[in-house]
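Peer 1: Protein chains in written order, with numbering that gives the first Met the number 0: chain A, 0 to 219; chain B, 0 to 219; chain C, 0 to 219; chain D, 0 to 219; chain E, 0 to 219; chain F, 0 to 219; chain G, 0 to 219; chain H, 0 to 219.
Derived by calculation from the structure, the hints in this document are not laboratory data. One or more hints might be untrue.
In silico DSBU-like links for lysine-lysine, alpha-carbon gap of 30 Å or less [said to hold, decoys possible]: (1) A:K40 to A:K50; (2) A:K40 to D:K40; (3) H:K27 to G:K135; (4) E:K44 to G:K38; (5) B:K38 to E:K27; (6) G:K38 to E:K39; (7) E:K27 to E:K38; (8) H:K27 to H:K44; (9) D:K38 to A:K38; (10) F:K71 to F:K38; (11) F:K40 to D:K38; (12) B:K44 to E:K27; (13) C:K44 to G:K40; (14) C:K40 to C:K50; (15) G:K39 to C:K40; (16) B:K40 to B:K51; (17) G:K40 to G:K51; (18) H:K44 to A:K40; (19) D:K44 to F:K40; (20) E:K50 to B:K39.
Chain G stretches covered by chain F per the calculated footprint, using a threshold of three residues with CB under 8 Å from any CB of chain F [claimed, not checked]: (21) 140 to 148; (22) 168 to 175.
Glycine is no exception: its CB is placed at the ideal position from the N, C-alpha and C atoms.
There are 8 protein chains.
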Amino acid sequence: MRKGLPEIVFAERKEYADTLRIAQAAVKRNGRVVVSRVKKKDLAKLVSALKKKGLSVEVGRNSTTIIVANTKSQKQQKEKALGRVGIMAAGTSDIGVAEEARLVAEAMGCDTITSYDIGIAGMHRVFPSLKEMLAKKVGAIVVVAGMEGALASVVASMVDVPVVGVPTSVGYGFGADGIAALASMLQSCTLGLAVVNIDNGVGAGAFAASVAKSATRQTR
Amino acid sequence: MRKGLPEIVFAERKEYADTLRIAQAAVKRNGRVVVSRVKKKDLAKLVSALKKKGLSVEVGRNSTTIIVANTKSQKQQKEKALGRVGIMAAGTSDIGVAEEARLVAEAMGCDTITSYDIGIAGMHRVFPSLKEMLAKKVGAIVVVAGMEGALASVVASMVDVPVVGVPTSVGYGFGADGIAALASMLQSCTLGLAVVNIDNGVGAGAFAASVAKSATRQTR
Amino acid sequence: MRKGLPEIVFAERKEYADTLRIAQAAVKRNGRVVVSRVKKKDLAKLVSALKKKGLSVEVGRNSTTIIVANTKSQKQQKEKALGRVGIMAAGTSDIGVAEEARLVAEAMGCDTITSYDIGIAGMHRVFPSLKEMLAKKVGAIVVVAGMEGALASVVASMVDVPVVGVPTSVGYGFGADGIAALASMLQSCTLGLAVVNIDNGVGAGAFAASVAKSATRQTR
Amino acid sequence: MRKGLPEIVFAERKEYADTLRIAQAAVKRNGRVVVSRVKKKDLAKLVSALKKKGLSVEVGRNSTTIIVANTKSQKQQKEKALGRVGIMAAGTSDIGVAEEARLVAEAMGCDTITSYDIGIAGMHRVFPSLKEMLAKKVGAIVVVAGMEGALASVVASMVDVPVVGVPTSVGYGFGADGIAALASMLQSCTLGLAVVNIDNGVGAGAFAASVAKSATRQTR
Amino acid sequence: MRKGLPEIVFAERKEYADTLRIAQAAVKRNGRVVVSRVKKKDLAKLVSALKKKGLSVEVGRNSTTIIVANTKSQKQQKEKALGRVGIMAAGTSDIGVAEEARLVAEAMGCDTITSYDIGIAGMHRVFPSLKEMLAKKVGAIVVVAGMEGALASVVASMVDVPVVGVPTSVGYGFGADGIAALASMLQSCTLGLAVVNIDNGVGAGAFAASVAKSATRQTR
Amino acid sequence: MRKGLPEIVFAERKEYADTLRIAQAAVKRNGRVVVSRVKKKDLAKLVSALKKKGLSVEVGRNSTTIIVANTKSQKQQKEKALGRVGIMAAGTSDIGVAEEARLVAEAMGCDTITSYDIGIAGMHRVFPSLKEMLAKKVGAIVVVAGMEGALASVVASMVDVPVVGVPTSVGYGFGADGIAALASMLQSCTLGLAVVNIDNGVGAGAFAASVAKSATRQTR
Amino acid sequence: MRKGLPEIVFAERKEYADTLRIAQAAVKRNGRVVVSRVKKKDLAKLVSALKKKGLSVEVGRNSTTIIVANTKSQKQQKEKALGRVGIMAAGTSDIGVAEEARLVAEAMGCDTITSYDIGIAGMHRVFPSLKEMLAKKVGAIVVVAGMEGALASVVASMVDVPVVGVPTSVGYGFGADGIAALASMLQSCTLGLAVVNIDNGVGAGAFAASVAKSATRQTR
Amino acid sequence: MRKGLPEIVFAERKEYADTLRIAQAAVKRNGRVVVSRVKKKDLAKLVSALKKKGLSVEVGRNSTTIIVANTKSQKQQKEKALGRVGIMAAGTSDIGVAEEARLVAEAMGCDTITSYDIGIAGMHRVFPSLKEMLAKKVGAIVVVAGMEGALASVVASMVDVPVVGVPTSVGYGFGADGIAALASMLQSCTLGLAVVNIDNGVGAGAFAASVAKSATRQTR
Ligand SMILES: Nc1ncnc2c1ncn2[C@@H]1O[C@H](COP(=O)(O)O)[C@@H](O)[C@H]1O
Ligand SMILES: Nc1ncnc2c1ncn2[C@@H]1O[C@H](COP(=O)(O)O)[C@@H](O)[C@H]1O
Ligand SMILES: Nc1ncnc2c1ncn2[C@@H]1O[C@H](COP(=O)(O)O)[C@@H](O)[C@H]1O
Ligand SMILES: Nc1ncnc2c1ncn2[C@@H]1O[C@H](COP(=O)(O)O)[C@@H](O)[C@H]1O
Ligand SMILES: [Mg+2]
Ligand SMILES: [Mg+2]
Ligand SMILES: [Mg+2]
Ligand SMILES: [Mg+2]
Ligand SMILES: [Mg+2]
Ligand SMILES: [Mg+2]
Ligand SMILES: [Mg+2]
Ligand SMILES: [Mg+2]
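One chain only, chain A, in its complex shape (with noise of 0.2 Å):
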């Protein structure tokens, strides 16, 4: 019954020589890591240092969450990849939760293919970004959307694979915060549509990563 999930460090609360110490204690044990919402004034320090001892480090874009790497690892995964995930981003302020998701999918040893900055306004940009996602067989899809929401629903009424919504605390006025996009995917009359918090890339990540593996898995 044992879990093929990545170590997660959740920084925004630690300071930055724990969270550098639990890093690379993580690294060492797993080979890889995802260090979540580190604080913006210890990013460029914390990336510098693990660089220094050999690791591979990628940060998120519009983000502060990394993921850790040593050779080994590294290697394993470009060999074998264990399923694919799509991410899409309504606007550029749902990127970095997005980004979230992709580090964590890679972490579980998937391959991501991302689509951002779509918007209700751009619909007519997510058909060729689903089809391209449908064509390579993704797994899963994460839907990230702040406002109202709409693009989680819209994409899952196009599409057979399981569609994960993320809704972001983007927009102000009644139901912002995300609370607006929360309760519109919830309330969504579409099938196949299930969601995680509001802004929690991270686990969006790790639940459409252990659809599309388990998918995979099987296939096997």
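Position chains B, C, D, E, F, G and H with the ligands against the provided structure of chain A, taking the given hints into account.
Peer 2: Then chains B, C, D, E, F, G and H with the ligands, alone, in the frame of chain A:
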């Protein structure tokens, strides 16, 4: 500064006799009246009593809102339509509220075009409806939608005509009672959309008619 | 991009005659249909009317959701299961919602394994249930739980298989109506858990089945 | 079905360089652009950079929203106004949001008449403002109000012209952050009032301009 | 430090026999009693039973709150009014709550002047009512209002006399159940207004009477 | 129908220069003004600037609210007090809000008696304070309290004088920001208590003074 | 680590036959059982059926919660009380919830002392009740209170014994359904108070009994 | 009826000088004092100032709450422990709140056993901790937990000792700021659990100590 608005009798908390008396007095004064939310048990009795007085009565579909008019008022309306309003309902359970909007818009002298039970599942059914409405030059479109209320944003993103969103108290769980639909309409990043309160078909119909009429009034 | 989803008729707000007619039409089109939330007073009548037409009808335990199928569709289903879904209900009052999930998953062609009335008090009863589900290689597990909803986190923390949490509107006082259960599932720090709205057994069953099926589909 | 709406750049979460680049590109495409919610620290720099490029820039009073246009676009606008919008702000702290509405309405080719800082205490000041607006035949009136937001109802009860209410996040205690104003505008029993989200001056200006323009368009 | 307050029996959750017994005992002790929120089904029976005992009973209009007095107490009250309270109800559905306030104020020995069903639509009807109240030197004014509750602010902004706002649970959609009215009364920027809880006519009447009486008491 | 209310300048969102200018103009018009919620950084500068103009300035303890008066106005006030108001603060952190009430009541020509930092722990300290207030015949008592806000109910249950409750935004966790205190004051079953919004010392002082003054006015 | 807790059957959602069967089985296993929230319509029937089986049954006052025991269990209990619990109800409507606490505490082998219908109006009645409870050395006190729930803080501030607060869903308007009482108990600055959920008399009785018993257990 | 509770100074809103003075005075009166939530910037200065006065000072880990005692008081405490309290923290971010509980319990004369950073992920770490606490006969257990707060239910379901749950304001998204943890603790169907407000370590420590002490007191 006086107002070109119809008289509306809100019957939900009124006794049968009071509603009947007030409705008749209003018709005498203005030629027509909308009686909204008649108690279910009073509807048949009220309609037949009013018809016996020689008045025309129309009952909204799936609703207990009625429009009452005398012969002269009815004739006048047929002769000069003062604008045209499109009305869309997302699902079957939204029709009653949409009908409130229709009756009020017609009481204000507007033509209406309705398109009910479209849903997000049937997005393809939106296009022909919108095309017809635009071809017939509606001055405003009312969109009635519950659950996640996405239809209002979708319509507003496709047309230049002002769209009035009416969230409905359909749905269960988090965001039930219209809260998700209201929040997502307010959070919508689509320009050209304004809203009225949950289930307020009367307010939406009046607002849309006033938009459609001001357009027409200026053209004369 | 079309969808492998069953037809679901949401009967809660429909008249008896409409529900009957729509259900029969759907069976004619697709071989099977799920009718969810039939009005209590209509259930017996509806079931017997459908049976008289030679259709098989199964009623969910403690629920008014039914699955209706013709002979051909029934036979087909027995021959080729398209995945397997595990379904757990924390308490007796959660069984109705769990049954919604089961019927939808089966309508989508999945086998199901159910384990009802486990509770947090009976945590020891969770282990054998999970063991059986994993031994039989379920592709996803639906966990239905009200009150504080802890069972979903507990299960997700023990298995690699994706877990779909369904909070139920059980409980009273602060956090009643499923809010506590929804909040604690969303706040869960366990990876591998996604949720649908409160009491949305239909959504959970469809999502889980789509996960289980995509696994199976790829293996052929 | 294309839209006669201006380009709006929401700068709140954009880097200075991105905002500058995107704004210039938009002016090149459309002749004009509204940049809303420029970061306070970037405002002066952005304005002077745009002016150096030979563009006209107007900054909203008490706000960081700006309208940018090239010479040709500016000239065109002076020649043919496409409708007229009235804009009222209840208090000094509502002026910034009202200015957002004004700039967007003007970017859409409308004339505007503004009347700021009226308040409920100064109800007598409402009348002359409204008289002027009606005399000059505004096609719609935007009313921006915080605290209990009563001004929107009061204005709508006095005029036939459609009124767009904008609650603002002014006030403290219960109902703060615009919730009281939003609730009371939605609960208003006055016909002829629709609302946009709290502080959404951009949405109100665009909606009102689209009402005013559709009136004008039809008269030609 | 003792209190000059009437005895009030809150009957909503009491059995018929208990209410009757407690009411009679209270009249014996104090000469009079207010019984608030008698169960609808008990009202007629209770009134006739009390009258048979030779007591005077007055039932509030549109309400099930009653005032019961013996002959001596009734005579005393007519002789010496201890202050005067004005009571306004915005709409018909607010009358029941306003009557609670009237009965309690009278039980405390005050004269009352009532003005019901004014509404925001009938703002012009406010002036003559207020004039009469001020001419007759009321010591406090109770304003009962649901929906957006604007009447309380409006009245308070016109008079020097303390105004007690009572939001009522009238209205539907966002801000229903009196929340919008409560929020807008609390957010009101008009000085001279304090509030009691939603539907609490009893509390408002008692507070207003205590204001009116302390004025009178000091003049002797 | 004119109002005997002081001018209040709400400085929280005003620039220093504007506040100074508006305050001086108000003193010129009315002899005195209350400036509430001066920005902390502006307080010392503002006070010294006003004093240099020969005006008297009093700063509320633990607060940034001030009262400004010219010599004539100050003299007048000392000669004829127009009523007396008692003001209680439950804890140290409630004193600032209580001082707002005191300054406004005094600006309206009332004497005040204050009793600060009583707490529920120090219930025994309530009695002597109340005794003094009643002995000196206050016409109203303001009770300022955060956390569970119980002090307002307790005081109202002990006296006949009208009590104005002011919940404060003190406390953390569930019911923080004054919500628990507001709710418990509104739910209080003690007659003789009305409330203003959270932290609204200005409103409470004005309301209490208007009660105390109307008492006095009538005695002349 | 096993638990010394009684079996509790939550009957609210159970069929009559199930409740009867489960209750009997529980008595057979443990000698006694508490059946909480029996449906009103089932109560008389259930009690008489259980009595016919030779079991003792006690029904809580104003409640539908019962305790059922066989002769042996009843005898045992009389012989050795395992601690003593005090139970206070603020008002008549709180008695049903208080009785739930009493029955559960007694099912756990505790003596109980009850004091019902004290109210804040009758604060003087609190003292003699508390004195008796302390004299008889209760190990814990349960305080059941609705509306503003102040009684729990008041009692906790007077005694060293641990106090368990139970908010009840009594009251209307803002803070109704027990929310005000819960919030004010949680915000209480009095040490020595902990709470259970709204209306959870069962939880309070069990917690208080476990406190009282652990005290007693250690003394032997 | 007096209270055996320590003096607690809530320093969050106090000036440095006041805190120092009040703390010293309290030590003089009682031998010891807990100063909770010292401002971060004042902590080092305060500790060293108190130590210079010959007082012992202990600072809570990850917290700014301190316990201050004179030599005599310290000696006394070592000699006679008045009960024993177990304290568990679910995660690292909960330690500060747990330490508040520990310091208060020790200030009340109790021994404490702590077990920090257990988490739901590390459920297996709960057992040895609980075993030790039970072996050492703790009289009560405080469980501090944020996010979904499940640990409190889990612990309470395993032991007979009363458990005091403290939700913490950890977590983001829906149910953030401790609301999910509070709701799930209140909704818990496990008997033997009561709660204090979010982050209220002081209240939990005092309540648990009073439980543990009353046990001990009675044994003498
Ligand atoms: N119990 C349910 N909960 C949520 N959605 C449902 C449920 N039953 C049916 N639906 C969905 O609601 C829609 C059916 O609506 P209708 O056309 O009114 O029957 C379809 O999109 C179904 O998938
Ligand atoms: N202040 C504003 N409030 C609401 N929506 C805005 C605002 N400013 C711009 N928008 C909309 O937000 C989108 C721009 O997002 P972006 O592409 O990030 O600049 C467009 O749809 C605009 O119409
Ligand atoms: N309609 C009402 N709203 C609020 N409080 C009331 C109402 N009627 C009676 N009360 C108060 O409720 C208490 C009466 O409770 P009871 O002893 O149960 O009759 C007294 O304190 C009354 O002043
Ligand atoms: N962290 C805390 N949380 C809740 N109450 C506290 C806390 N610290 C101290 N108190 C209580 O707050 C009061 C102290 O307030 P003060 O007189 O302002 O120091 C006392 O009743 C303490 O028991
Ligand atoms: Mg899908
Ligand atoms: Mg549009
Ligand atoms: Mg898992
Ligand atoms: Mg109007
Ligand atoms: Mg006034
Ligand atoms: Mg009183
Ligand atoms: Mg105590
Ligand atoms: Mg336990």
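Peer 1: What are the numbers of the hints that this structure violates, sorted from low to high?
Peer 2: Of the numbered hints, 3, 5, 12, 20 do not hold.
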